[in-house]
Every structure is written in C-alpha cells, then in structure tokens.
Amino acid sequence: MLNRVILIGRLTRDPELRYTPAGVAVTQFTLAVDRPFSSAGQGGEREREADFIPIVTWRQLAETCANYLRKGRLAAVEGRIQVRNYENNEGKRVYVTEVIADNVRFLESNRENSGAPRDENSGGGGGYGGGNSGGGYSGGSNAGGGGGSSYGGGSRSGG
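Residue numbers for the sequence shown follow UniProt numbering, so the first one is 1 and each next one is one higher.
Quick caveat, the hints were computed from the structure, so don't treat them as lab data.
Label pairs and their calculated CB-CB ranges:
1. Gln60 x Arg13: 20 to 26 angstroms
2. Arg46 x Val24: 41 to 47 angstroms
3. Arg48 x Ile81: 21 to 27 angstroms
4. Val5 x Arg48: 17 to 23 angstroms
5. Val94 x Ala22: 20 to 26 angstroms
Heads up, the beta-carbon is just placed ideally off N, CA and C, and yes, glycines get one too.
Starting from the given sequences, assemble the full structure and let the hints guide the process.
Now the structure itself:
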C-alpha cells in the first residue's frame, strides 16, 4: 500500500518547535496549498481556493525547519498522511489528520525572504542543500511519536 504526499505551498505562520518528554524535537506548521477549480458560472474559468494542511516534522528536520522556515515562505513537503486522536477537555474523541514530513525543500533563497536566518555555507541556494535550487533537508527516519497523544513537552526556543 502507498501513503505518499507531495505538497507545495506557503507557511501560514512560523513553525512551532517543541520537545517531547524524551527530548525529541517536533515542529508543527500549516502549509497553504492552492487548489484550482473551474467555476460553472464563469465559462469554465479557473479559480483558486487554498487548503490549509497541518505539517509535522521530527528530529533534526524539525530543528532545521524551525531555524529556516518563516511565515510566507514557499516550501515543498514530502511525507505521509497520518491520523491521530486524543480526548479533549470535554471528554470527546478528536481526530486530527496531518502530514508527517520526511523531506522539506525551501523553494526561495534567503535573499527572496529576508525573514529567515542566512546560512553562510549554503552557496546562496537556500536553507540546507548548498548549490541546489532552493536548498532543502531530508531528516531521514522521522517516525512519528505516540499514537494517541498530542505532541507533548514544553516549548524551547531553537537557536
């Protein structure tokens, strides 16, 4: 069976870096991805709506995303869809669908998006990846955390 997702979009806010009680870095952010559609009333003209997709990264990839991605930055995300659930404060079961990323590519150079820190060793390409067009980082095995719990731990600033 195949569970693979590739998305390109812009971050709706800065990534939120947290650490699990075991000290594993986890970052969450939302990617706004355009979804074109044809409007029946306008002669088939293509219109756009955005889908807001929750993204989760783990370990080194989480720290890299927290350091280099910022609100508005264009990024490509590869990963898998995962559904987790938890019980909220009212005792109701809540289901959350999100993309667990194992590869994130920064599609704009730091010069195009001055809000992100500059990587002096990148050769002008972007976050990580050197001379690649835009840079990127693949964090290797980013197997998700516990099935029924939210991503715990307190916030710690990465930097």
